[in-house]
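Listed below, chain by chain, are the residues.
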Amino acid sequence: MSAIHDAVSASFPRPIIGDAAWRLGRTVGLPLGFAILSVAAWELLCRVAKISPELLPPPSAVWEVLVGNPAILIEQAIPTTIELFASFAIATAVGVLLAIAITFSAVVREALYPNIVVFQVIPKIALAPLFIVWLGVGGRSIITVGVFIAFFPIVVSTATGLVSAKPDVLQLCRSLTASEWQMFRLARFPYAMPYLFAGMKVGVTMAMIGVVVGEFITAQAGLGYIIMFASSAGETATVLAAIVVLCGLGLVLYGLVALGELLVARWYGGELPTSGVI
Amino acid sequence: MTVELPAGVRALAAPIRMMPNGAAVAANLRQLRPVILPIATAAAVLGLWQVGCGLFHVPSVILPVPSEIAVELWRILPLLAQNAVPTTLDSLASFGLATALGVALAIAVTYSPLIRDTFYPNLVAFQLVPKVALAPLFVVWLGITSESRIAFSTFSCFFPVVISAVVGFAGTDKSTLRLCRSLTASDWQSFMLVRLPFALPAIFSGMKIAITMAVIGVIIGEFISAKAGLGYYILYASSRMDTPAIFAALFVLCMIGMALFGAVALAERQVRNHFGRR
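Chains as they are written, first to last, in the working numbering: chain G, 1 to 278; chain C, 1 to 278.
This is chain G alone, in the form it adopts within the complex:
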């Protein structure tokens, strides 16, 4: 492809758009164009085939709900936002603390880590109804479901990161008589950062799943509740509008995590060992 591209650009010199700009336009324009085209095709399909709006509303109808009736969506988004951020924050704090405990002591690691890995595999979402029995219907049990689901990837990934510091670096620390805590702060923790953030990114998605499923089965309020309610009432446009708002929330939280990663990388001098975990 690039050979053809080179041949084309050699025979037709493009004075206005340079090669780099052309490539950028392709990498941004093609996916964006495809997305816009899909939405347009969806709108056209709904209008031409006269699909009932209960089955598949056109994008314009979803837009109307978003713009025309934002008060109700915002009202329902508030509890979901609080639950999502709370469960993600608690899951991160608990996950990192447990990961530190696991890596600090060999006995704790050997005792707990295999059990945690087994827990990774089982479908934890099935425990959601139990939390309702324990904590009742409401925000508290939803946050607990979110924490419970989001916390495992964070522990596993952070623990993997904390033990992945280079042996050379640790040996150097030891020969410079660094204390165990100094080694942790100065060597292990920076090495674990990419893993921690990879785990947190998975955690964002998981907290989202936990909160939405929690709201499906318990809530009296929240975007999950309105999705269930509207879908049973056949108001599919409202369902899709609520999903759009939910996507926005997820993107904001994911963006915050990505921003945090950028800031931490800068703090450590931009030399985070990058790796493709998870």
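For the record, the hints were derived by calculation from the structure and aren't laboratory data. These numbers were taken from a predicted model, which means no experiment stands behind them. Possibly wrong hints are sitting among the right ones.
[Claimed, not checked] Sample of chain G residues at the chain C side, in silico, Cβ under 7 angstroms:
#1 L30
#2 P31
#3 A61
#4 I122
#5 P123
#6 P129
#7 V133
#8 M208
#9 M228
#10 F229
#11 I243
#12 L246
#13 C247
#14 G250
#15 V252
#16 G255
[Claimed, not checked] Here are some of the chain G residues that sit facing chain C, going by a computed Cβ distance under 10 angstroms:
#17 G29
#18 K124
#19 T177
#20 E180
#21 M183
#22 L186
#23 A221
#24 G224
#25 L249
The beta-carbon is built from N, C-alpha and C at its ideal position, and this holds for glycine as well.
Since the structure of chain G is provided, determine the placement of chain C on it from the hints.
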């Protein structure tokens, strides 16, 4: 989310050669520590649970003791087995569909730059969308049938397979591919002999994520629509405040989840043996 076998399991699998005299027993015990310690921890937690609940007279509705759960499990085992069948079959069907579709799309993305530039960024963006929120829509579109749950579950576990397969295919050793070309291998030959074996570890790590997600998807589908299945049974039992039955169903579900994950891990080992090394 990859799971490595702990050293102890490998030690267990290795045949014990010498007669156990004192030193050998001690060495074996040390080797087996990574196996014994987590099992002992799990056993200790169960014991504490049993004793603690008895001591503090925790009502069975809140937290039944393990022995009571075991008795309940034995009593309702036929019912649970009956409900486990649709859950297992739906999970397997959606996992199979997601793997086939995911690998096929990854191949298309790998071989056509146009498809890659058009689709891939959208796929990555889609990973962030809380797909769980779409579950009620699948009920609107496909009804409360098993097909609707399979479709939803396929949709939710298909993305990790595509992404990791694309990463795997892209990571093929370039010089090996060039060697193939200079030996006049056909595209098909270089795919079967080089690209696929190189991509297998990545594909399998995607499949391992997908099998857990498939079970989660089926359970969520059963929460909101089913008339049978373990997810339905758990919700039904929780509405009757029958906590021992919830735990019994969870136990069966965990066994299914682990068995399915184990099957994928076993398949990975077989396939890797077939392709030799790594």
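Tested hints:
no.: 1; hint: L30; verdict: 4 angstroms, holds
no.: 2; hint: P31; verdict: 4 angstroms, holds
no.: 3; hint: A61; verdict: 14 angstroms, violated
no.: 4; hint: I122; verdict: 4 angstroms, holds
no.: 5; hint: P123; verdict: 4 angstroms, holds
no.: 6; hint: P129; verdict: 4 angstroms, holds
no.: 7; hint: V133; verdict: 6 angstroms, holds
no.: 8; hint: M208; verdict: 4 angstroms, holds
no.: 9; hint: M228; verdict: 6 angstroms, holds
no.: 10; hint: F229; verdict: 9 angstroms, violated
no.: 11; hint: I243; verdict: 5 angstroms, holds
no.: 12; hint: L246; verdict: 5 angstroms, holds
no.: 13; hint: C247; verdict: 5 angstroms, holds
no.: 14; hint: G250; verdict: 6 angstroms, holds
no.: 15; hint: V252; verdict: 11 angstroms, violated
no.: 16; hint: G255; verdict: 10 angstroms, violated
no.: 17; hint: G29; verdict: 9 angstroms, holds
no.: 18; hint: K124; verdict: 8 angstroms, holds
no.: 19; hint: T177; verdict: 30 angstroms, violated
no.: 20; hint: E180; verdict: 22 angstroms, violated
no.: 21; hint: M183; verdict: 24 angstroms, violated
no.: 22; hint: L186; verdict: 28 angstroms, violated
no.: 23; hint: A221; verdict: 16 angstroms, violated
no.: 24; hint: G224; verdict: 7 angstroms, holds
no.: 25; hint: L249; verdict: 8 angstroms, holds
Checked against the numbered hints above, the structure violates hints 3, 10, 15, 16, 19, 20, 21, 22, 23; every other hint is satisfied.
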